[in-house]
Amino acid sequence: MDNFGFLFAANAFVWGGIIYFIYTLKQRNRELEKDVELLKEAISKESR
Amino acid sequence: MSQEKAEGLEEESSILIWLTGFAFIAAMAAIFLFVPTEKTEGPIQRIMYLHIPSAWLSFFAFFIVFISSILFLWKKEREWDIYAYASAEIGVIFCSLVLITGPIWAKPIWGTWWVWDARLTSTLILWLIYVAYLMLRAQTEPGSMRARYAAVLGIVGFLNIPFIHFSVLWWRTFHPQPKVISSEGFGKGMDPSMLTTLGISLGAFTLLYFLLMGQRVRQEKLKDEIDRLKREKIYSS
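Chains A and B are the protein sequences, given in the same order.
Position one of the first sequence corresponds to residue 1 (our numbering), numbered consecutively onward.
Position one of the second sequence corresponds to residue 49 (our numbering), numbered consecutively onward.
The set of hints was computed from the structure by calculation and includes no laboratory data.
Being a predicted model, the structure only gives us computed values, none of them experimental.
Just to be clear, a hint being listed does not mean it is correct.
Claimed, not checked - Lysine-lysine pairs mimicking BS3-like chemistry, simulated, CA-CA at most 27 angstroms apart:
{"no.": "1", "chain 1": "B", "residue 1": "Lys227", "chain 2": "A", "residue 2": "Lys26"}
{"no.": "2", "chain 1": "B", "residue 1": "Lys269", "chain 2": "A", "residue 2": "Lys45"}
{"no.": "3", "chain 1": "A", "residue 1": "Lys34", "chain 2": "B", "residue 2": "Lys269"}
{"no.": "4", "chain 1": "B", "residue 1": "Lys87", "chain 2": "A", "residue 2": "Lys40"}
{"no.": "5", "chain 1": "B", "residue 1": "Lys87", "chain 2": "B", "residue 2": "Lys271"}
{"no.": "6", "chain 1": "A", "residue 1": "Lys26", "chain 2": "B", "residue 2": "Lys87"}
{"no.": "7", "chain 1": "B", "residue 1": "Lys281", "chain 2": "B", "residue 2": "Lys269"}
{"no.": "8", "chain 1": "A", "residue 1": "Lys45", "chain 2": "B", "residue 2": "Lys281"}
{"no.": "9", "chain 1": "B", "residue 1": "Lys271", "chain 2": "A", "residue 2": "Lys45"}
{"no.": "10", "chain 1": "A", "residue 1": "Lys40", "chain 2": "B", "residue 2": "Lys271"}
{"no.": "11", "chain 1": "B", "residue 1": "Lys278", "chain 2": "A", "residue 2": "Lys26"}
Chain B extracted, bound-state conformation (with noise of 0.2 angstroms):
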């Protein structure tokens, strides 16, 4: 990488590092500052704001791998599959982060962690099929095979989040129907204070997406670039 290039990525990257700091900021102020206590669960219903953006940022996520993997099968470039695997990992850790802050809400409105009902089950697999993913990158050798493995299992993977999404129309729930995109229409099923908070929160868990992907694949590139050196002095010895 040229000299001009790195410097280029770096200031790119720290404009980043503060637009995600700003919007935190803001997202964490309209959160207790801004927003009001919603009447019935009381100050526990500020969760939403940090679990409704971990999930669209590990949906998101999903969706980046099940793009790449296409295009990794498709065109066979290296890159596609590193974006892939950058983005199963943040996908899991906040996959995660939802699957712990459900139940944390969840406890004292239906009273009980957890119920085998369809959006929590679904939600779940998909963390088992995302941590499938994971191993099985980690416990095959580096090479083409690993890589086209692991396309298929994050495009099959992917195919769960529309069910996911559904899966609280389909079914009788416990888990609450869709507020902002629901049949009244976009955002009719929520205060306005409410989806201008949550706008911002998702708008900040977007920004920190585009930077931790920034960070993950500028890890397996030096990688790469270690292997590649490893075997040049090898060659040159």
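Isolated chain A (complex conformation) (with noise of 0.2 angstroms):
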């Protein structure tokens, strides 16, 4: 019994989940990070 395929798949399903889910926590802490300084330099402006 191999059942190669099954074994690819459900490693594909997982490594796939991963990395998805680490790229998007990235991508989305990143553009929340440059909201933060935008906010921050647009207070700054005001006050000056």
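These two chains come separately, so use the hints to put the complex back together.
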């Protein structure tokens, strides 16, 4: 009983899922960091 | 956050990234090079080293939701609500992987993708409870009421986990009985090389949980910071 296709599919789902989750997390954090910086800049400009 | 504290956290995070990376390389080497092929199931049995750690990670994540939710209801601190939310999301993702890898493993061994036995059904119910938890958070207005309702659901949902564990002992199920924590003693139902490989994989997934948790908590804190800055901007203009 070999069933390498099933073994490959399980690995693809697990690794694909983990990598996609990490990628979206990193991407979203980068966007949020950018927003924080922009807001800080805008506030400091207004207070001048 | 002070510059020094931010740098310290970044350093801790990069150490964790390296540790997790090494742990996963070791786990993959053990799964595909070290551990012998199981006699009756063949290579497909290697799915176990991803399936069980995914289940462990999701149960651990839901345990953190449970503890954080209790602490939130007790102390009313936003910090605990953040931990619960972040952990619930990670738990749902890994519970989804359990529900995907399980049927992939079952099809060639049992001849079917799914059976409505106690272990599989109770795991599906657990997944549905925490999907409902995430939907509740997404669909209701931010605030203390949302956090309180979510905390109650987070606590109630966790009560399903002991039921999932004992379901294979209480009923006759398709799903195999526990091999690591069994009535014969810890790890007695498994070959030592399999137990070692499973241990390495469990360690790698546990490190991954802390890595993901760090990033997810940071995301929620950044969202809070944006809300605070937006309010500050409105008042200053």
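Holds or violated: are the alpha carbons of Lys45(A) and Lys281(B) at most 27 angstroms from each other?
Holds, at about 10 angstroms.
Quickly compare the C-alpha distance for Lys271(B) and Lys45(A) to 27 angstroms and report which way the hint goes.
Given that 27 angstroms is the threshold and the Cα spacing comes to 22 angstroms, the pair holds.
Are the Cα atoms of Lys40(A) and Lys271(B) separated by 27 angstroms or less?
14 angstroms, holds
Straight-line alpha-carbon gap Lys269(B) to Lys45(A), limit 27 angstroms:
24 angstroms, holds
Distance restraint between Lys87(B) and Lys271(B), which requires alpha-carbon spacing of 27 angstroms or less:
Between Lys87(B) and Lys271(B) the Cα gap is close to 52 angstroms, so the pair fails against 27 angstroms, i.e. violated.
Is Lys26(A) within 27 angstroms of Lys87(B), Cα to Cα?
42 angstroms, violated
What's the verdict on Lys281(B) and Lys269(B), does the C-alpha distance respect the 27 angstroms limit or exceed it?
18 angstroms, holds
Holds or violated: Lys227(B) with Lys26(A), Cα cutoff 27 angstroms?
Violated: Lys227(B) and Lys26(A) sit about 37 angstroms apart, past 27 angstroms.
Check whether the Cα positions of Lys278(B) and Lys26(A) lie no farther apart than 27 angstroms.
23 angstroms, holds
Given pair status - Lys40(A), Lys87(B), alpha carbons within 27 angstroms
Given that 27 angstroms is the threshold and the Cα spacing comes to 62 angstroms, the pair is violated.
Does the structure keep Lys34(A) and Lys269(B) at a Cα separation of 27 angstroms or less?
Given pair Lys34(A), Lys269(B) holds - Cα atoms ~14 angstroms apart, limit 27 angstroms.
When held up to the earlier numbered hints, the structure conflicts with 1, 4, 5, 6 and fits the remainder.
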